[in-house]
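First to last, the sequence lines map onto chains A and B.
Counted the way the numbering used here counts, the first sequence spans residues 19 to 442.
Counted the way the numbering used here counts, the second sequence spans residues 19 to 442.
Hints were generated in silico from the structure; no laboratory data involved.
A few of these clues could be false.
Identical copies look the same in the list; a pair holds intra-copy or inter-copy alike.
In silico PhoX-like links for lysine-lysine, alpha-carbon gap of 20 Å or less [said to hold, decoys possible]:
| id | residue 1 | residue 2 |
| --- | --- | --- |
| 1 | Lys347 | Lys131 |
| 2 | Lys168 | Lys191 |
| 3 | Lys267 | Lys363 |
| 4 | Lys184 | Lys194 |
| 5 | Lys194 | Lys440 |
| 6 | Lys395 | Lys123 |
| 7 | Lys123 | Lys399 |
| 8 | Lys429 | Lys395 |
| 9 | Lys191 | Lys138 |
| 10 | Lys184 | Lys372 |
| 11 | Lys429 | Lys350 |
| 12 | Lys363 | Lys205 |
| 13 | Lys291 | Lys246 |
| 14 | Lys435 | Lys363 |
There are 2 protein chains.
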Amino acid sequence: MAMSANTPHGLLLKNPSILKTSTTTAPAIHAFPITRATPKPISIKCSYSATVAAPPASASSQDRVFNFAAGPATLPENVLRKAESELYNWRGAGMSVMEMSHRGKEFLSIIQKAESDLRKLLDISDDYAVLFLQGGATTQFAGIPLNICKPEDPVDYIVTGSWGDKAFKEATKFCKPKVIWSGKSEKYTGIPSFDKLDQNPDARYLHICANETIHGVEFKDYPTPTNKHALLIADMSSNFCSKPVDVSKFGIIYAGAQKNVGPSGVTIVIIRKDLIGNAQEITPVMLDYKIHADNNSLYNTPPCYGIYMCGLVFEDLLAQGGLVEVEKKNMKKAQILYDAIDESKGFYRCPVEKSVRSLMNVPFTLEKSELEAEFVKEAAKEQMVQLKGHRSVGGMRASIYNAMPMAGVEKLVAFMKEFQAKHA
Amino acid sequence: MAMSANTPHGLLLKNPSILKTSTTTAPAIHAFPITRATPKPISIKCSYSATVAAPPASASSQDRVFNFAAGPATLPENVLRKAESELYNWRGAGMSVMEMSHRGKEFLSIIQKAESDLRKLLDISDDYAVLFLQGGATTQFAGIPLNICKPEDPVDYIVTGSWGDKAFKEATKFCKPKVIWSGKSEKYTGIPSFDKLDQNPDARYLHICANETIHGVEFKDYPTPTNKHALLIADMSSNFCSKPVDVSKFGIIYAGAQKNVGPSGVTIVIIRKDLIGNAQEITPVMLDYKIHADNNSLYNTPPCYGIYMCGLVFEDLLAQGGLVEVEKKNMKKAQILYDAIDESKGFYRCPVEKSVRSLMNVPFTLEKSELEAEFVKEAAKEQMVQLKGHRSVGGMRASIYNAMPMAGVEKLVAFMKEFQAKHA
Numbered sequence: 019m020a021m022s023a024n025t026p027h028g029l030l031l032k033n034p035s036i037l038k039t040s041t042t043t044a045p046a047i048h049a050f051p052i053t054r055a056t057p058k059p060i061s062i063k064c065s066y067s068a069t070v071a072a073p074p075a076s077a078s079s080q081d082r083v084f085n086f087a088a089g090p091a092t093l094p095e096n097v098l099r100k101a102e103s104e105l106y107n108w109r110g111a112g113m114s115v116m117e118m119s120h121r122g123k124e125f126l127s128i129i130q131k132a133e134s135d136l137r138k139l140l141d142i143s144d145d146y147a148v149l150f151l152q153g154g155a156t157t158q159f160a161g162i163p164l165n166i167c168k169p170e171d172p173v174d175y176i177v178t179g180s181w182g183d184k185a186f187k188e189a190t191k192f193c194k195p196k197v198i199w200s201g202k203s204e205k206y207t208g209i210p211s212f213d214k215l216d217q218n219p220d221a222r223y224l225h226i227c228a229n230e231t232i233h234g235v236e237f238k239d240y241p242t243p244t245n246k247h248a249l250l251i252a253d254m255s256s257n258f259c260s261k262p263v264d265v266s267k268f269g270i271i272y273a274g275a276q277k278n279v280g281p282s283g284v285t286i287v288i289i290r291k292d293l294i295g296n297a298q299e300i301t302p303v304m305l306d307y308k309i310h311a312d313n314n315s316l317y318n319t320p321p322c323y324g325i326y327m328c329g330l331v332f333e334d335l336l337a338q339g340g341l342v343e344v345e346k347k348n349m350k351k352a353q354i355l356y357d358a359i360d361e362s363k364g365f366y367r368c369p370v371e372k373s374v375r376s377l378m379n380v381p382f383t384l385e386k387s388e389l390e391a392e393f394v395k396e397a398a399k400e401q402m403v404q405l406k407g408h409r410s411v412g413g414m415r416a417s418i419y420n421a422m423p424m425a426g427v428e429k430l431v432a433f434m435k436e437f438q439a440k441h442a
Numbered sequence: 019m020a021m022s023a024n025t026p027h028g029l030l031l032k033n034p035s036i037l038k039t040s041t042t043t044a045p046a047i048h049a050f051p052i053t054r055a056t057p058k059p060i061s062i063k064c065s066y067s068a069t070v071a072a073p074p075a076s077a078s079s080q081d082r083v084f085n086f087a088a089g090p091a092t093l094p095e096n097v098l099r100k101a102e103s104e105l106y107n108w109r110g111a112g113m114s115v116m117e118m119s120h121r122g123k124e125f126l127s128i129i130q131k132a133e134s135d136l137r138k139l140l141d142i143s144d145d146y147a148v149l150f151l152q153g154g155a156t157t158q159f160a161g162i163p164l165n166i167c168k169p170e171d172p173v174d175y176i177v178t179g180s181w182g183d184k185a186f187k188e189a190t191k192f193c194k195p196k197v198i199w200s201g202k203s204e205k206y207t208g209i210p211s212f213d214k215l216d217q218n219p220d221a222r223y224l225h226i227c228a229n230e231t232i233h234g235v236e237f238k239d240y241p242t243p244t245n246k247h248a249l250l251i252a253d254m255s256s257n258f259c260s261k262p263v264d265v266s267k268f269g270i271i272y273a274g275a276q277k278n279v280g281p282s283g284v285t286i287v288i289i290r291k292d293l294i295g296n297a298q299e300i301t302p303v304m305l306d307y308k309i310h311a312d313n314n315s316l317y318n319t320p321p322c323y324g325i326y327m328c329g330l331v332f333e334d335l336l337a338q339g340g341l342v343e344v345e346k347k348n349m350k351k352a353q354i355l356y357d358a359i360d361e362s363k364g365f366y367r368c369p370v371e372k373s374v375r376s377l378m379n380v381p382f383t384l385e386k387s388e389l390e391a392e393f394v395k396e397a398a399k400e401q402m403v404q405l406k407g408h409r410s411v412g413g414m415r416a417s418i419y420n421a422m423p424m425a426g427v428e429k430l431v432a433f434m435k436e437f438q439a440k441h442a
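The whole structure should be built from the sequences, with the hints applied where relevant.
As structure tokens, then:
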């Protein structure tokens with residue numbers, strides 16, 4: 019991807035005064051390593067004061083691409099700017115967040131605020147613990163049966179895509195899971211009617227993947243376990259904090275951070291407290307929820323910088339008005355993209371059933387599949403990157419998480435129309 | 019810790035031209051969030067060009083503290099400046115490293131260079147895999163027996179401090195470990211003579227913690243398993259890359275990054291390739307070395323930003339001349355600190371046997387223990403922070419990892435002498 023062309027993408031135009039601001043930052047001069055840098059003193063002419071009054075956008079803003087990656091994914095521009103401004107010295111602490119003792123009062127203030135803001139965003143009650151862990155959702159695929167089940171316990175999995183399938187397979191090591199519905203034969207393009215599910219009345223839990231990142235299938239409502247003592251457990255990695263969720267319906271919600279709420283390396287687990295403390299004997303200590311809950315996620319050194327970044331994102335989501343407002347934006351973005359596909363007279367196709375199309379991950383193909391490589395290549399030239407579909411599905415995929423601005427989706431839609439006009 | 023006073027600590031004085039450089043950066047103006055910021059246009063007078071020629075040090079450099087934390091710990095200043103300069107837009111990619119797909123060519127170049135540089139630093143042969151994982155050394159406490167042993171296999175642990183003890187306890191879940199030597203009765207102040215070790219001839223491996231972070235005890239040489247088919251396995255979390263190590267003596271070396279080589283959230287495992295592929299059936303997929311080795315640490319989303327930071331540190335260590343040079347600096351730093359303790363006529367005391375004192379973590383107490391709180395408090399006023407000893411040991415602890423500059427140790431020693439003069 020050659021991405022050096024200066025194509026402003028309009029992100030900052032909501033507030034033109036920002037353009038003035040950006041240029042007050044001098045060009046980056048932090049050579050690496052510092053001890054080898056011997057830049058010449060810079061002489062600033064009087065004419066410089068004139069340019070400050072009516073500056074061009076800063077080079078760095080101009081160079082930003084629209085990143086449609088499925089995760090790690092685009093982060094809010096203001097969050098990145100905030101992180102940049104305090105990377106070297108966090109709020110007068112004299113050190114970076116990356117250097118802080120996880121037991122010092124500075125980092126404690128960071129993790130506690132992150133938890134508190136997440137509780138506000140999702141309206142999480144005190145009946146639930148919020149854990150900041152490592153290892154991705156994949157680690158929780160083992161952690162959940164290890165913590166919730168005895169080896170002989172039956173559990174139910176609804177498999178609506180690759181991630182649900184991986185979760186099921188991992189569970190076979192630690193309990194007796196059963197796939198009670200799979201979308202595989204229809205290439206994972208749908209979600210079952212809940213009333214037709216053949217749930218095991220003795221199942222300890224019912225597991226779903228709330229949004230399948232690869233296949234673009236999203237639960238719009240949630241099934242209820244028939245056994246009223248059974249738990250609903252959801253992997254929400256790729257739609258976490260993209261909309262309000264009634265947490266009280268779930269025993270456990272878990273999510274890797276790297277889609278909607280931060281960089282990779284942080285996994286968030288929201289678990290009803292009464293479920294904690296029953297881990298199987300073979301559970302590695304780092305997979306035991308009790309260890310982490312008893313130690314407020316500080317049993318060992320947590321992924322501090324990632325947690326800090328999640329905290330900045332949570333602040334930003336609250337500042338936007340919370341998840342009700344965030345969902346509205348996400349619906350709007352998804353709608354103009356799906357409309358463009360559906361109104362293309364078959365030039366573009368989305369294989370997913372309309373009622374369960376994901377607001378986050380939009381897979382689509384071209385009727386003329388031989389043009390797909392060109393589509394991806396031409397889009398990259400226009401600073402829209404990571405549009406290639408997952409290798410297991412092919413075609414294209416546009417991931418439009420919280421931090422993807424409307425301008426990015428609008429630009430993609432305009433490009434799609436141009437591309438169609440050129441190749442129809 | 020109030021750390022707002024402007025006390026330059028002399029770090030930059032090695033190269034005074036840097037002081038001129040720093041001030042070409044305008045004061046931080048990235049308000050948060052950007053969309054709410056409406057700063058006034060800045061008018062720069064002609065006289066500004068004069069101040070550029072002879073500027074004061076930038077405020078942020080002046081404010082930097084000496085951070086003696088045991089981990090997460092201080093990072094090289096030039097690495098932080100580099101990270102700051104490319105946080106928002108990595109080398110023209112149009113995005114932050116935190117936003118990059120882990121399967122994109124940009125991040126692949128980052129992780130591959132990090133691995134290649136680490137191989138150079140430690141002279142790691144192709145017989146070994148290098149894995150970038152998550153979950154800290156604590157996760158490996160389970161991962162090692164799960165991957166190397168059958169449940170009935172005997173293994174030996176030498177326990178020279180809290181971390182070795184934790185590693186042993188976790189192993190009891192997955193094999194038959196035995197503590198063949200423990201320093202507990204002597205409060206973990208020594209290391210055994212290797213010839214007196216009562217090794218089990220059938221042990222699958224011999225485990226050590228190469229440097230005990232809490233107790234300040236460090237192996238200067240390594241024991242050899244009596245069974246020539248047994249492996250030597252070392253947790254090197256707190257002295258990783260602080261000196262050259264003959265990797266070929268070990269079956270596995272593992273380390274959390276957050277002491278010498280990066281932020282928390284990255285765990286590095288160096289494992290002889292022939293040991294991979296024998297995990298017990300109950301091994302969670304994320305703890306199976308084969309999964310990670312077969313996928314070059316990209317089975318699932320790795321902690322990308324942490325790996326990037328480690329890569330910057332590896333570059334910096336190579337630029338310093340590699341680990342031979344790094345060890346010389348570490349020996350010098352440790353020597354002036356231990357000398358100050360030993361020459362204090364008992365005012366300061368280090369409980370650890372001289373021959374095995376850690377170059378990284380220097381625990382010490384005051385003869386007048388009632389002054390210890392004051393010592394820590396007064397030091398913090400002088401911008402030397404995180405000197406309080408671990409809660410299980412008490413007293414003080416100065417962690418002086420690779421990135422702690424000599425100036426920091428010199429300042430601490432000067433402070434210790436002043437403090438002694440005041441209170442002797």
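Hints, verified against the model:
Within a single copy, Lys347 and Lys131 get their C-alpha atoms no closer than 25 Å, and across copies no closer than 39 Å, so neither meets the 20 Å cut-off. In this assembly of identical chains, Lys168 and Lys191 lie within 20 Å of each other by CA distance both inside one copy and across copies; the values are 11 Å within and 16 Å between. Proximity of Lys267 to Lys363 under the C-alpha cut-off of 20 Å is found in neither arrangement, the shortest distances being 40 Å within a copy and 66 Å between copies. In this assembly of identical chains, Lys184 and Lys194 lie within 20 Å of each other by CA distance solely inside one copy; the values are 15 Å within and 31 Å between copies.
In this homomeric assembly, Lys194 and Lys440 never come within 20 Å of each other (Cα to Cα): the closest approach is 54 Å inside a single copy and 69 Å across copies. Only between protomers do Lys395 and Lys123 lie at most 20 Å apart by alpha-carbon distance; the minimum there is 14 Å, versus 48 Å within a single protomer. Proximity of Lys123 to Lys399 under the C-alpha cut-off of 20 Å is restricted to the inter-copy arrangement: shortest distance 16 Å between copies versus 47 Å within a copy. When the C-alpha separation of Lys429 and Lys395 is checked against a cutoff of 20 Å, the pair qualifies only within one copy, where the shortest distance is 15 Å, while the shortest distance between copies is 56 Å.
Taking the shortest Cα distances, Lys191 and Lys138 never come within 20 Å of each other, neither inside one copy (36 Å) nor across copies (39 Å). In this assembly of identical chains, Lys184 and Lys372 lie within 20 Å of each other by CA distance neither inside one copy nor across copies; the values are 25 Å within and 52 Å between. In this homomeric assembly, Lys429 and Lys350 come within 20 Å of each other (Cα to Cα) only inside a single copy, at 14 Å, whereas the closest approach across copies is 58 Å. For a Cα distance limit of 20 Å, the shortest separation of Lys363 from Lys205 qualifies neither inside one copy, at 22 Å, nor across copies, at 77 Å.
For a Cα distance limit of 20 Å, the shortest separation of Lys291 from Lys246 inside one copy, 17 Å, qualifies, whereas the shortest one across copies, 49 Å, does not. In the homo-oligomer, the alpha carbons of Lys435 and Lys363 lie at most 20 Å apart inside one protomer (12 Å), although the nearest pairing across protomers, at 82 Å, exceeds that limit.
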